[in-house]
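S.K.: Could you put the whole structure together from the sequences, leaning on the hints where they help?
Line by line, the protein sequences are chains L and V.
Under UniProt numbering, the letters of the first sequence match residues 1 to 172, in that order.
Under UniProt numbering, the letters of the second sequence match residues 1 to 422, in that order.
One or more of the hints may lead you astray.
To be verified - Rough simulated footprint, nothing fancy, chain V against chain L, three-plus residues with beta-carbon under 8 Å:
1) 19-31
2) 35-47
3) 52-62
4) 73-84
What the hints assert, rightly or not - Residues from chain L that keep clear of chain V, each with C-beta distances beyond 10 Å, as calculated:
5) Trp70
6) Val88
7) Leu102
8) Asn155
9) Gly157
Unchecked claim - The list that follows gives simulated cross-link-like pairs (lysine-lysine, BS3-like), each with its CA atoms no further than 27 Å apart:
10) L:Lys162 x V:Lys420
11) L:Lys68 x V:Lys420
12) L:Lys105 x L:Lys162
13) L:Lys17 x V:Lys420
14) L:Lys47 x V:Lys420
15) V:Lys102 x L:Lys108
16) V:Lys420 x L:Lys8
17) V:Lys420 x L:Lys60
18) V:Lys34 x V:Lys65
19) V:Lys420 x L:Lys77
20) L:Lys105 x V:Lys102
21) L:Lys25 x V:Lys161
22) L:Lys19 x V:Lys420
By construction, these hints were calculated from the structure, which means they are not laboratory data.
In this text the structure is predicted, and so the values were computed from the model without any measurement.
Where a beta carbon is used, it is the ideal one built from N, C-alpha and C, also for glycine.
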Amino acid sequence: MVDAGTKKTLASIPLLKTKAGPRDKDLWVTRLKEEYSALIQYVEMNKSQDNDWFRLESNKEGTRWFGKCWYVQDMLKYQFDVEFDIPVTYPATSPEIALPELDGKTAKMYRGGRICLTDHFKPLWARNVPKFGIAHAMALGLGPWLAVEIPDLINRGVVVYKEGGGGPVTSS
Amino acid sequence: MTESLENLREKIASLEKELQQEKERNDSFKKREKIAEMSSEVVDSNPYSRLMALKRMGIVENYEKIRDYTVAVVGVGGVGSVTAEMLTRCGIGKLLLFDYDKVELANMNRLFFQPHQAGQSKVEAAAGTLLAINPDVQFEVHNYNITTVDNFDHFMNRISKGSLTEGPVDIVLSCVDNYEARMAVNRACNELNQTWFESGVSENAVSGHIQFLVPGETACFDCAPPLVVASQIDERTLKKDGVCAASLPTTMGIVAGLLVQNVLKYLLKFGVVSSYLGYNALLDYFPSMVVRPNPTCEDNWCRRRQQEYAAAEAVRATQAATAAPQPQQQEEAVTHEDNSWGICLVDETPTEPRTDPAGGTSPVTPPGAVVGGLAPGIRVAYDRPAADGAEDDSDNRGAVGSSAPPAPDVTLEELMATMKSL
Ligand SMILES: [Zn+2]
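M.R.: Given below as structure tokens:
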């Protein structure tokens, strides 16, 4: 089951309407606008709740996404590159979010640094096609993954704090 | 300075000598010449004699026909590589291999690849090995991810024009390890009206399956949630701490064997091709069933192929009153009587009783329902939402919710700029 916090977050992210993937030309543009609107709203909400934790942008076709995500522990900010492609079968299938620099550092990853999602993610995504978008994938997939894996990676000394690399703890 | 230069010269000379020796050693390996025609002559130099014996024994009518066929293998991992090797040894005409991954030492618990190939692309490494095993086979390899927009078009093109005669390949074999890639293969095959096989091994390594998909005639991969073999393990207590997936060379080899066996039966027209065949390794149990298409499938190419198939069937029916009823259908009917689904469901599945799809009177198939029900030992990986598209509202659904974002009057560029400025 999804934890209460994640559930609350999910409920606050706008649902999307247009069932269109990157091969659908005009409809995909409509979908992309919904994606961006939902993401903007989600990030703004995170900021207002002092829980800002990622930034994303895409190429102009909206097929390749990249950005940063970060995790704060003991007032130190650990930041990672995040990237993914939108699969041709999107939104029937979710994007596969990857943190390439952690590839090979944890068993909770598939090849290429794609994060290993919980058993709950895929059923939940499947039940919410086409209403779930990238913002939902971040909230339901990457957020909980970071919360579980990064403390463990820090603990094991696999991830170390980079002075200045992560920027200030307080998000700007 | 001069001294170190002298040292380097010596080192080069020694390395050159070593390289020359290595080359000579490689040249001394016997490479088999191409064989123009398959012969059934039993001599120790004929790699096809035991295969051609199938013909003499009356199992296969015309084994040589295998040389006319082209097979596309998507995913050259634990199942795909072994599949490709079996087809190569059988003397298939042409193989197309698709995979974006590299060989890693972490793959060495599986068959086929060897430690010295670590770092090479899987398709290049595989083609090298396979060509040495059988130079009569033609290979075409593509080192990319088929699920991205750019590659997908190229993938579709090769499936439709990649055969020995530059037509559609004879069969596509999905040997990938993830849902996204399976869905991409499904989309391509529905669109191209391409017959294919799906294969898979569970993440706990103790079950697997193969599924035969003929667009319009059988269920497509999107007609129902993925069908998986019930593992007798309570999925809720399955420990997934610290790992994504386990794998065994045994399970993968068995699934590859079942897959290629059915490919051979399909191509060379002998025996019966399984529609869905599961493998439960813990019980050595092989459930099988026929999976019919879902008229309300989300994939519109699937629905179109179903209409085409129904029309063609109608024509056939008028032409001849043949078509023997399939024995499996009776078996299915029995299944519904005691268990409307014949399945166990995952944690989050709604527990309220559902209408029995086997009631037979309902004209509309519930979405997500497997048309015709499920055989014992096979279940759906998860449930899908109700047909009415009602807002998910319960805990069970993992409900979510605010309204959709207001259809923005702003352009996409403006939204992108806003996102960037946050
Ligand atoms: Zn379908």
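S.K.: The structure should be examined with respect to each hint, and the outcome stated for every one.
M.R.: Now the hints, each set against the structure:
1. 19-31: holds (count 3)
2. 35-47: That given contact holds, which follows from 9 residues of the region 35-47 of chain L lying within Cβ reach (below 8 Å) of chain V.
3. 52-62: holds (count 7)
4. 73-84: violated (count 0)
5. Trp70: holds, 14 Å
6. Val88: violated, 4 Å
7. Leu102: Holds, because the least Cβ-Cβ distance between L:Leu102 and chain V comes to about 13 Å, which exceeds 10 Å.
8. Asn155: Holds, since 13 Å exceeds 10 Å.
9. Gly157: Given that every Cβ of chain V is farther than 10 Å from that of L:Gly157, nearest at about 16 Å, it holds.
10. L:Lys162 x V:Lys420: The hint holds at about 24 Å.
11. L:Lys68 x V:Lys420: holds, 12 Å
12. L:Lys105 x L:Lys162: holds, 17 Å
13. L:Lys17 x V:Lys420: Holds - the C-alpha atoms of V:Lys420 and L:Lys17 are around 23 Å apart, at most 27 Å.
14. L:Lys47 x V:Lys420: holds, 14 Å
15. V:Lys102 x L:Lys108: This hinted pair holds, its Cα atoms lying about 19 Å apart.
16. V:Lys420 x L:Lys8: holds, 26 Å
17. V:Lys420 x L:Lys60: holds, 13 Å
18. V:Lys34 x V:Lys65: Satisfied, since the Cα-Cα distance of roughly 17 Å is no more than 27 Å.
19. V:Lys420 x L:Lys77: holds, 21 Å
20. L:Lys105 x V:Lys102: Given that 27 Å is the threshold and the Cα spacing comes to 17 Å, the pair holds.
21. L:Lys25 x V:Lys161: Given that 27 Å is the threshold and the Cα spacing comes to 25 Å, the pair holds.
22. L:Lys19 x V:Lys420: holds, 25 Å
The earlier numbered hints that this structure contradicts are 4 and 6.
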